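Chemist: Chains as they are written, first to last, in my numbering: chain A, 1 to 261; chain B, 1 to 305; chain C, 1 to 337.
Simulated from the structure, these hints should not be mistaken for laboratory data. Predicted model, so just to flag it, every value in this text is computed and none were measured. There is no bait here: all hints are sound.
Quick list of in silico lysine-lysine cross-link-like pairs, DSSO-like style, CA-CA up to 27 Å:
1) B:K99 x B:K296
2) A:K141 x C:K324
3) A:K64 x A:K185
4) B:K95 x A:K141
5) A:K185 x A:K134
6) A:K108 x A:K71
7) A:K71 x B:K296
8) A:K141 x B:K99
9) A:K134 x B:K99
10) B:K95 x C:K324
11) B:K88 x C:K324
12) A:K141 x C:K326
13) A:K134 x C:K196
14) B:K99 x C:K196
15) C:K328 x C:K196
16) A:K134 x C:K324
17) B:K92 x A:K141
18) C:K196 x A:K108
19) C:K326 x A:K119
20) A:K79 x A:K22
21) B:K92 x C:K324
22) B:K296 x A:K55
23) B:K88 x B:K197
24) A:K175 x A:K141
25) B:K99 x B:K88
26) C:K328 x A:K119
27) A:K119 x C:K324
28) C:K196 x A:K141
29) A:K141 x B:K88
30) B:K99 x C:K324
31) A:K64 x A:K79
32) A:K79 x C:K196
33) A:K134 x C:K328
34) A:K134 x C:K326
35) C:K328 x A:K141
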Amino acid sequence: MEDILVVENVTKRFGGLVANSKVTFSMKRGEILGLIGPNGAGKTTLFNVITGVYKPDEGRVIFKGEDITGKPPHVITRKGIAKTHQIVKPFNDMTVLENAMVGALFGKRAHQITIGEAKEIAYQSLELVGLAEKAEEFAVKLTLRQKKMLELARALSAEPELLLLDEVLAGLNPKEVEEALEIIKKVKEERDLSIIMIEHVMHAVMNIADRIVVLHFGWKIAEGTPEEVANNPEVITAYLGDPRYALRFVRRKGGEGDGSS
Amino acid sequence: MDVSILAINLVNGFLWGIILGFAAVGLTLLWGVMKVVNLAQGEAILMGSYVAIVLFSQYGISPLIGGLVALLVGLAAGFLIYWALLHKLVGKVEKITLKIEMSTLLAMFALSIALLNFYYYIFGSEPRGFGLWSIGLPFIRVLGTTIRTNILLADALALISVTIVYLFLDRTILGKSIRAVMQDAQAASLVGINPVKIKLLTTVLGIGLTVFSGFMVLLFEASVTPEIAYKYAPLGFVVVVLGGLGSVVGSLVAGIIIGIIYGLSKVVVSIFNPRISDPVALSTAFIVLILILLFKPEGIFGRKR
Amino acid sequence: MTGKESTLSHYLKSPTLIVIVFVVLGILIARILGMSTLDTLMTIMYFMGIALSLNIIMGFAGYVSFGHAVFLGLGGYAYVLLVYFVKPLAQLQNMGFGLGAFLVAVLAGLFAAVIAASVGAAVLRLRGAFFAIATIGLDFTALYLMKAIVPELNPEQFFGAQIILPADKIVEKDVVFNAMFLTLIILLAVNYYIRKSPFGVGLTAIKEDEDAAEVLGVPTTMFKIIAFTLAGFFAGMVGALFSLNGGGVDETLFNLGHSIDMIVMIVIGGLGTVLGPVVGSLIYFELYDLLLVHYPGVNLIILGIIVAIVVLFFPEGLIGLLRKYKVKGVRLRDLLE
Ligand SMILES: Nc1ncnc2c1ncn2[C@@H]1O[C@H](COP(=O)(O)OP(=O)(O)OP(=O)(O)O)[C@@H](O)[C@H]1O
Ligand SMILES: [Mg+2]
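Generate coordinates for the entire structure from the input sequences, incorporating the hints supplied.
Modeler: So, in structure tokens, the structure goes:
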């Protein structure tokens with residue numbers, strides 16, 4: 001299968017701080033790729049480079065064989081990449097439905113659909129993520145969990161081929177995490193999506209991802225199947241450097257082991 | 001070209017720039033610390049001028065004492081403005097978003113409509129000043145130009161005030177907490193700085209200083225009309241942007257730079273056409289404003305944010 | 001094609017359109033029956049026109065421009081200079097019951113639009129207060145430049161920046177009325193179209209969160225420039241016809257006061273809707289008159305206080321306030337746009 005996305009040697013600096021160093025990976029169409037790493041590893045920055053929010057200092061991003069490096073975000077969105085924000089950014093004084101309509105009107109089929117069609121697409125996305133009955137509420141009234149789902153619905157309304165999820169599971173309780181994972185699996189199947197997800201909820205990403213890329217201080221330190229990555233000593237050290245996650249990671253790893261046997 | 005004309009304009013631009021810079025100190029504090037853009041800047045300046053004028057012409061109180069009263073009135077006005085307008089909009093919020101910024105902008109703008117027309121109502125559009133008192137002040141000769149003492153007095157007072165404000169922000173605990181909030185409001189509230197108290201203090205100080213500067217403006221200009229709001233407020237924005245939001249020293253230096261640019265462009269233009277030197281000099285200042293906004297929005301003394 | 005019900009009955013169900021038609025017909029009937037003086041009607045249309053023009057960039061996209069009067073001024077000067085120096089245009093003015101004047105005003109508006117598009121590309125990179133202040137800077141720059149340039153154009157005739165059109169270069173006031181009326185209808189249609197179109201949705205997204213809008217695919221830079229250019233174009237046209245009506249132009253057309261009028265009308269009426277500026281300008285007109293008659297001298301002081309109260313307690317303006325309520329189970333939000 002063709003590579004839907006190739007990230008080549010991407011380096012992004014903020015002044016003296018190097019947020020991404022020579023990051024290289026590629027993913028196949030239809031894959032779910034997990035992107036993990038301790039806080040500040042440069043995961044969100046990498047998403048921002050892929051979606052054109054930041055221009056990389058070096059390197060290239062290739063989407064469906066086309067070099068999209070440095071193109072403005074709205075152009076990249078139209079080519080078929082959609083992203084959710086880690087820090088939710090709802091359009092507060094618009095309704096939930098209107099929020100999702102923005103995604104539809106300016107997504108993959110921008111300028112080809114009417115407001116009425118956009119409404120339908122938006123409503124379907126809301127149904128998928130379970131926000132349909134909130135459609136007419138103002139986004140500002142949603143809970144954080146619902147705002148995260150709205151981010152997802154907006155991104156889905158754009159009808160992307162590649163979906164970038166930045167910690168959509170953060171802050172959800174275990175039951176909600178399960179539900180959200182089901183939703184993600186479902187849309188992936190229905191819409192033939194490729195997904196990269198940034199996650200700190202380790203068991204979730206280990207469970208759902210086909211492959212995992214690990215960033216640490218901006219560098220890619222590992223790549224492989226969940227098992228390979230979980231047993232990679234460098235990865236474990238990286239997480240041990242961040243005690244909060246080390247514990248969780250080690251615990252989940254045990255859990256994963258049980259599940260796979 | 002006549003060198004002395006150049007010298008006169010440069011010296012005058014410099015002396016005026018100090019006033020311009022001081023008048024913008026309150027503006028830069030309000031903007032830098034709480035993102036409140038005081039669109040009633042010109043009206044606040046006029047408040048100081050008119051307080052001193054009323055005290056002098058109605059009650060015969062010496063202009064210098066009048067200036068002090070102007071400062072007190074200004075501090076009180078800041079207190080009122082905070083509780084009547086700003087608290088509801090910015091008091092309780094942690095992060096001042098663009099939308100909140102726009103509502104404070106509109107609130108201050110409403111205040112400016114009310115105040116400006118209040119001045120027109122009470123004082124009319126004729127120039128008012130200290131009359132004979134300032135005419136009676138002696139002249140001083142510098143570099144072949146004569147400078148009135150009232151101008152030097154205004155500049156001296158402005159410089160002293162800037163120094164005091166600078167020391168207050170740099171050395172006292174209250175001043176330091178204002179600067180802490182300016183750098184990072186959220187972090188500051190985490191370490192126990194009460195943001196409402198700081199916002200109140202900043203408004204009182206910011207408006208107080210601006211009103212006080214109106215007294216210097218009056219000393220400098222010898223007389224004022226409500227019209228000067230249209231000159232000092234926009235130029236104040238130029239100064240703040242050039243100096244960097246929240247920077248007191250930046251404000252003074254930027255004021256002087258704008259004053260000198262004003263003086264210089266006046267000389268240059270008057271070579272070609274003396275009739276239009278004033279308007280062109282003013283538009284030069286605004287072109288400078290737009291250029292800085294576009295290319296160096298953090299100003300010459302500001303940090304990148 | 002689903003959801004595309006562009007039938008007449010659909011539009012008849014829209015109270016927004018009914019109000020707009022009512023206002024437009026009201027002006028026309030008042031004119032035909034002579035219920036109001038020509039000057040009163042011109043003033044109302046002028047108010048509505050400037051509010052609706054600023055609405056495109058301030059109401060929809062959330063970019064508060066305090067210097068929008070600059071386009072009023074540029075349009076006014078463009079018009080007056082065009083008919084002053086270009087003979088065919090002076091003659092064109094008189095043709096077609098105001099259609100000629102309308103066309104010359106379009107030229108003047110285009111001049112304002114070209115300036116808007118070119119400075120817009122630069123100043124629209126600024127946000128919030130920075131943008132507001134940059135536009136004030138623009139306004140003052142244009143004002144002072146006009147003061148410098150105009151006297152040079154015809155030193156014998158022009159004093160300061162004032163130009164008075166000679167009698168053979170102006171037109172009857174009822175002809176100006178027609179041109180202004182036509183302009184207003186187009187302006188209303190444009191506002192309504194924006195409100196209903198993907199373009200309008202994009203602008204609203206920009207107002208809510210520009211970065212998120214860009215990531216969701218809204219071409220933010222282009223949309224902002226288009227909105228700003230349209231706003232400049234229509235302000236230019238209104239300024240042009242306003243000047244023609246006054247028989248000339250002077251630098252007061254650049255006054256911050258005009259920008260203030262526009263902003264106040266939009267704020268009172270409600271941002272981001274079509275009805276907001278329409279209703280806002282009618283209220284403002286009445287309020288202005290009322291205060292002037294009953295409280296001469298302090299009228300503007302009271303106005304300032306009213307604006308402060310609106311900003312503090314009814315930040316969405318009158319229409320925004322109404323939009324929160326339901327009547328007989330129907331949400332006004334869906335009806336008032
Ligand atoms: N706009 C920016 N300007 C300056 N530094 C930035 C910027 N964005 C990110 N950084 C820095 O780059 C580094 C990587 O940040 P990034 O947000 O990509 O991390 P992350 O892996 O997403 O972390 P987290 O798990 O906390 O979300 C951090 O040190 C961060 O402070
Ligand atoms: Mg992140």
